[in-house]
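Student: Heads up, the sequence shown is in numbering that gives the first Met the number 0, so the first residue is 0 and it goes up one at a time.
Honestly, the hints are just simulated from the structure, not real lab data.
Errors might be hidden in some of the hints.
[Claimed, not checked] Using C-beta positions, here's what the derived DEER-type ranges look like:
| # | residue 1 | residue 2 | range |
| --- | --- | --- | --- |
| 1 | 43 | 119 | 21 to 31 angstroms |
| 2 | 46 | 22 | 15 to 25 angstroms |
| 3 | 8 | 113 | 34 to 44 angstroms |
[What the hints assert, rightly or not] BS3-like cross-link-like pairs, simulated, lysine-lysine; straight-line CA separation at most 25 angstroms:
| # | residue 1 | residue 2 |
| --- | --- | --- |
| 4 | 85 | 10 |
| 5 | 63 | 47 |
| 6 | 20 | 1 |
| 7 | 132 | 113 |
| 8 | 10 | 63 |
| 9 | 20 | 5 |
| 10 | 5 | 47 |
| 11 | 10 | 113 |
| 12 | 50 | 39 |
| 13 | 129 | 110 |
| 14 | 63 | 85 |
| 15 | 20 | 110 |
| 16 | 132 | 110 |
| 17 | 63 | 129 |
| 18 | 113 | 39 |
| 19 | 113 | 47 |
| 20 | 85 | 50 |
Computed from a prediction, not measured in an experiment: that's the story for all the values here.
Virtual Cβ for every residue (Gly too), placed ideally from N, Cα, C.
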Amino acid sequence: MKRELKRPNGKEVFVTITYEKENDLIYVDWNGFLTVEQVKVGSEELLKMIKEIHCSKVLVDNRKVSGPWQAANEWYQTDWNPRAAKEGLTDMAVIMSDNIFTQLSLQGFTKATKGVYTVAIFNSDPDARKWLKEQATVAK
């Protein structure tokens, strides 16, 4: 199962969301400069997939994100995060971008998720995947 969401120009994909059945995780590949609205639309699409397939693990790849998106963090904290946890999200691994503004936005996001579900930050895809796999054996 794979979904691609495009920018208003209809050409560029700003997020690809893929269910990896073999790994039992949802892979979210964000791309480019993201508006708050795009972050929300992409996150809502992720939530739909979490609901549909009852998946508790998400791998977010921010390596291709350029720019800040911290304006969405309050929305995550008060709206999206509680709904995602209610639908069964327990673990999220995030691969960090080299962009300092994206990194600062991610710091705010991790604060907004405290006590709701577990988030861990990584510099590489293999490390993030390894951690998610290990979470299956961790008592919650």
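Student: Work down the list of hints and note, for each, if the structure agrees.
Tutor: Against the structure, the hints:
1. With their beta carbons about 23 angstroms apart, residue 43 and residue 119 fall inside the hinted range of 21 to 31 angstroms.
2. About 19 angstroms separates the C-beta atoms of residue 46 and residue 22, a value consistent with the hinted range of 15 to 25 angstroms.
3. Between residue 8 and residue 113 the CB atoms are about 37 angstroms apart, so this pair conforms to the stated range of 34 to 44 angstroms.
4. For the suggested pair residue 85 and residue 10, the alpha carbons sit about 34 angstroms apart, so the restraint of at most 25 angstroms is broken.
5. Annotation: proposed proximity of residue 63 to residue 47 holds, straight-line Cα distance about 23 angstroms (limit 25 angstroms).
6. With a C-alpha separation of about 11 angstroms, the suggested pairing of residue 20 with residue 1 holds against the 25 angstroms cut-off.
7. Taking the CA atoms of residue 132 and residue 113, the gap is near 21 angstroms; set against the 25 angstroms cutoff, the hint holds.
8. As the CA atoms of residue 10 and residue 63 are separated by approximately 17 angstroms, the hinted pair is consistent with the 25 angstroms bound.
9. With a C-alpha separation of about 24 angstroms, the suggested pairing of residue 20 with residue 5 holds against the 25 angstroms cut-off.
10. Between the alpha carbons of residue 5 and residue 47 the distance comes to roughly 17 angstroms, so the proposed pair stays at or under 25 angstroms and holds.
11. Simply put, residue 10 and residue 113 have alpha-carbon atoms about 36 angstroms apart, too far for the 25 angstroms limit, and the pair is violated.
12. Simply put, residue 50 and residue 39 have alpha-carbon atoms about 16 angstroms apart, close enough for the 25 angstroms limit, and the pair holds.
13. Under the criterion of a C-alpha separation no larger than 25 angstroms, the hint pairing residue 129 with residue 110 is consistent with the structure, at around 23 angstroms.
14. Annotation: proposed proximity of residue 63 to residue 85 is violated, straight-line Cα distance about 29 angstroms (limit 25 angstroms).
15. At roughly 29 angstroms between alpha-carbon atoms, residue 20 and residue 110 are farther apart than 25 angstroms, so this suggested pair is violated.
16. Only pairs whose Cα atoms come within 25 angstroms are accepted, and residue 132 paired with residue 110 is accepted, the gap being roughly 23 angstroms.
17. With a C-alpha separation of about 21 angstroms, the suggested pair residue 63 and residue 129 falls inside the 25 angstroms cut-off, and the hint holds.
18. Using a Cα cut-off of 25 angstroms, the hinted pair residue 113 and residue 39 holds, with the two alpha carbons roughly 19 angstroms apart.
19. Between residue 113 and residue 47 the CA atoms are separated by roughly 22 angstroms; this keeps the pair inside 25 angstroms, and the hint holds.
20. Using a Cα cut-off of 25 angstroms, the hinted pair residue 85 and residue 50 holds, with the two alpha carbons roughly 10 angstroms apart.
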